[in-house]
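Colleague: Single-letter residue listing:
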Amino acid sequence: MNTTATNPSANKDLSERALGALLLAPAALLLAVIVVYPIATLFWTSLTSVDPNNPQAGAAFVGFDNYLRAFDDDRFWHSTWNTILYIVVTVPGALIVGLGLALLANQPFRVKWPVRLGLLLPWALPLVFAGLIFRWFFEYNTGVVNNWLVAAGIEPMQWLSTPTLAHWAISLTIIWKASSFMALMLLAGLQTIPKSLYEAAEVDGASKWQQFREITLPMLRPAIFVALIFRTITAVQTFDIPYAMTGGGPGDSTETLAMYIHKTTLDFLDFGYGSALAALMFVISMVATAGYLRYTRRSTSRSGED
Amino acid sequence: MALELFGVPVKKRAMIWIAGAIVVVNGFFPAVWILLTSLKTETELLRVPITYLPDAATLENYATAFTAQPILRFMWNSFVVATLSTALCVFVGALAAYALTRLRLPHRNLIMSVLLAVAMFPLITLMVPLFKLMREAGLLNTYLALILPYAVLSLPVCTLVMAAFFQDIPPDLEAAAMVDGCSRVGALFKVVIPLSAPGVFTAAILAFVNAWDEFLLALTMMNRVNMRTLSVGITLYQGEFAFPWPLISAALIVAIVPICILIAIFQERVVGGLTAGGVKG
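So the sequence lines, in the order shown, correspond to chains A and B. 1 is the number of the first residue of the first sequence in our numbering; add one for each residue after it. 1 is the number of the first residue of the second sequence in our numbering; add one for each residue after it.
Only chain B is shown next, with the shape it has when bound in the complex (with noise of 0.2 angstroms):
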């Protein structure tokens, strides 16, 4: 009989162990490299052969992180695009997945599949006319100008995510609101959404991430230093020449921070959410 250790046996529970070994470093191992570097001095970076953990810890890095950049402000700018994005994005994704699921329409499919196809246009594509239309609306440097854009990015996503939440409602709870005196739209608010509320955030959350996480658009629509987001706030630490590695790991793993809070909290619902659309295929 081999050994077992809560009711498996060892050997097995060590390959479990090893295989969840490989996926934990895989995943983790730049996160903690930067981690590690951001508590270094510059000289001690220089050395060689590298040194693995900081010989002597230094949050001096952070500070100049600070103050070498309005790394606060590319924060703001970040989370206000996110956010108002993310509340666009929802609203009318939310809208159009309740008429494409909860109403008897014709073509409902082909509706779907048009919204789609349009939304998935590559966004490189869309980046010279979008900021030629920008520029000529006067919306370069402005919040707006991203704010649109990223709400259509997340929309095919969000909209096939609530859709699939919206399915599931039985019938007679929105029967039962509307002969309570609701209208069709307030049982859309009043039964509906309440009830997907975890699709509905779900998309939110994959919005918000997809927003925070962009850098093409980004980069094209904000060339002012106070508007950049994170992502391309990010790159204007790199000198001329070279490259202050613990200045911007430091800058790095502050920008990091508030996305590995978000999917810590709501991993579940986040892979939930990514996989929704791969699986229904």
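One chain only, chain A, in its complex shape (with noise of 0.2 angstroms):
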């Protein structure tokens, strides 16, 4: 910017200001009508109760009623540890694959398009779309993961209609959902790596390992840190794939707990209880994500040292 002594500065600087704060001002009215206003009433809601058989009254103030409510609520554990199952088998599952995907991806390859492309297309299929997909890839009769077991000699399974089996089936399918963007992300920063490393190294004889866990790895943890808190927090909202696939079934075994709260809006109409539940997964969603941050602080206060 020009700050040459001759402007008189501090007229500038406020209409500097004034223009930020206008340039701002879209933007901030949109957060506080989509966002903060909504946020808001969510807790209050949340204090509130509508009476079921007195629905004319409308909504009374029951305090901390649907908090206590929740505890007792055996769906609402089972929704939370089922969200909890997502997150701890997909988050590690797709950064896994999605580390493979980026160092198959990263090859000296002539033509690029196919690959950037294979990467591509998972991200950009709705989630809903890929749940449809491979609800019908573990499809008992015609689908075809059961025709692959066949083949090889084993038994079809009841993939979708067993609690267990389905849960791994969702897994499955998350994770070859997520794991792309995941590959992108890490691809990215595989390339910001220097290839006099990797030279230097194997001047060195340097094994590949190595150089894999010596150079890579370290190199790569600020990309995998970002990619794990997007899937992270993406995870705690797991509602479209097990939503395509089972519905949440059989009973109500996979279900999420964002599928849980959808319900309770949506269906039952019981905004109190159902803004609880959205308070309680967001503090679960801040907890997930300062356990990283400290986890962050940590490592890179520890890196400082050396």
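One or more of the hints may lead you astray.
Stated by the list, open to error - Taking lysine to aspartate or glutamate and the DMTMM-like style, the derived pairs with C-alpha atoms no more than 20 angstroms apart in a straight line are:
#: 1; chain 1: B; residue 1: Lys-190; chain 2: A; residue 2: Glu-16
#: 2; chain 1: B; residue 1: Lys-132; chain 2: A; residue 2: Asp-267
#: 3; chain 1: B; residue 1: Lys-12; chain 2: A; residue 2: Glu-202
#: 4; chain 1: B; residue 1: Lys-132; chain 2: A; residue 2: Asp-270
#: 5; chain 1: B; residue 1: Lys-132; chain 2: A; residue 2: Asp-51
#: 6; chain 1: B; residue 1: Lys-12; chain 2: A; residue 2: Glu-199
#: 7; chain 1: A; residue 1: Lys-263; chain 2: A; residue 2: Asp-74
#: 8; chain 1: A; residue 1: Lys-112; chain 2: B; residue 2: Glu-268
#: 9; chain 1: B; residue 1: Lys-190; chain 2: B; residue 2: Asp-168
#: 10; chain 1: A; residue 1: Lys-263; chain 2: A; residue 2: Glu-16
#: 11; chain 1: B; residue 1: Lys-190; chain 2: B; residue 2: Asp-180
#: 12; chain 1: A; residue 1: Lys-195; chain 2: A; residue 2: Glu-214
#: 13; chain 1: A; residue 1: Lys-263; chain 2: A; residue 2: Asp-252
In short, the hints are calculated from the structure, not lab data.
Using the hints, put the two chains back together into the complex; each one sits in its own frame.
Modeller: Below, the structure is given as structure tokens:
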């Protein structure tokens, strides 16, 4: 910027601030209407309840009753447990598969577009479409997975109507869908690692595995970190894929917290309780993110000591 | 001396080929599979063992896909919602990115962090109050009920991508425009944005794809069939008990073709935009 001393800068700063406020106003307004105001009403609504026997009376203030109700609600704990299960399985799963894909895609291809599209297509495919397609892969009679099992001499399995198997089928689908985006981010990280580091390691006689452990992984750490945060925040909100694959079934064995909130609010129209559940979910996602941030602070301060 | 092809040992070239093939197969197999299925008849589908290539390819499923549900209407809805929310998001994001990168504002980083943190609030927790808000405002089953949230959904990534491009424009160019009688805002629209066209464009594609793919809010805000967007509309093809897979596959193919064309044409931009946030971290 122009900071010449001849300019009476106080006045200019003021007008620049005014302009800045003006330019930021639309974003602030949009966020106020779509995020801040709804959050405020979310917390307020979570403290109210509508008497089902007397809905005409409207919502009454009930304090923390909805939260207390959640603690006694098996379905809340169950759907939260499922959500945690999907986080615990799909975050490392997508990282490992994504890292593999990124390493494979980081080869010196002469024609780059097929590989690039191979990573972009799963990203661009709507989650619910991926869910539908994989639902069918796992169908009992006409699904391709059972077809392979039979060909390999194994009994076909009831993938989507057995709770444990349904969990695995859903997790696999999420991993497939999420790993490509992970790979794209890690690939960008890989491409920033200077080639000279590998050449020097080669001269020193380091094996490929040593190079991977001593150069690739440490240099990739920031990209891995960002990718993990993204994936975890998304995993907390898991909805589309189980919705398309099992609808939460069999029974409500694969239901996630997001699906339970959706049902409570839109099918049972219980806004008070639905809001309380949503607030609890927000807490879960904050805890997960905070965990990561603490980890990075610790690891960056440690690497600072080196 | 090892055998060489294009200056690379044949063995190494083979490894590279295999690596590429794995990535391509992993990315494409579901799409290829539904493409093949969309050409099969329902009877062929039920045959055991299953067939891979269709015996007698038919386009019948595509004809049914257009008549069984108003898929063109779904597509139009998705198109309207995605286009308008993208326009809103890019406009609002560009103003914010400009203010945060090219003006000397106090607490720039803080403002940026707050904007990003607020905009990244989990969508599912917003669903409940947004549904109430839109219902009270009488906006359920209107495009606006999706356009506004979708603009927010993509605001962080759009702002970040555009900010990265705005930062690289020499201040002298802007100063020159202002000497020529342009106002500061005029310089933004006549100099900064045109020069950052690739960045603005990348942001727009990302916002468009995000809006096109979104499911939960679309399911929540639109309950009239003729207001459904594609991602929700496709789920309407499933029957009560049985899944007409060839028909669903045809509908899926119709639904993903626009987005495939978009990413095929602009693949480099999309990759650049997607990874911009991650690498800068």
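Colleague: All hints are to be evaluated individually against the structure, with a verdict given for each.
Modeller: Cross-check of the supplied hints:
1. B/Lys-190 <-> A/Glu-16: Within the cut-off at roughly 19 angstroms; holds.
2. B/Lys-132 <-> A/Asp-267: Holds - the C-alpha atoms of A/Asp-267 and B/Lys-132 are around 14 angstroms apart, at most 20 angstroms.
3. B/Lys-12 <-> A/Glu-202: 17 angstroms, holds
4. B/Lys-132 <-> A/Asp-270: Since the Cα atoms of B/Lys-132 and A/Asp-270 sit roughly 11 angstroms apart, the hinted pair holds (cutoff 20 angstroms).
5. B/Lys-132 <-> A/Asp-51: 18 angstroms, holds
6. B/Lys-12 <-> A/Glu-199: 17 angstroms, holds
7. A/Lys-263 <-> A/Asp-74: 15 angstroms, holds
8. A/Lys-112 <-> B/Glu-268: Status holds; Cα separation ~10 angstroms.
9. B/Lys-190 <-> B/Asp-168: Given pair B/Lys-190, B/Asp-168 holds - Cα atoms ~16 angstroms apart, limit 20 angstroms.
10. A/Lys-263 <-> A/Glu-16: Cα-Cα ~49 angstroms, so violated.
11. B/Lys-190 <-> B/Asp-180: 12 angstroms, holds
12. A/Lys-195 <-> A/Glu-214: 14 angstroms, holds
13. A/Lys-263 <-> A/Asp-252: Since the Cα atoms of A/Lys-263 and A/Asp-252 sit roughly 11 angstroms apart, the hinted pair holds (cutoff 20 angstroms).
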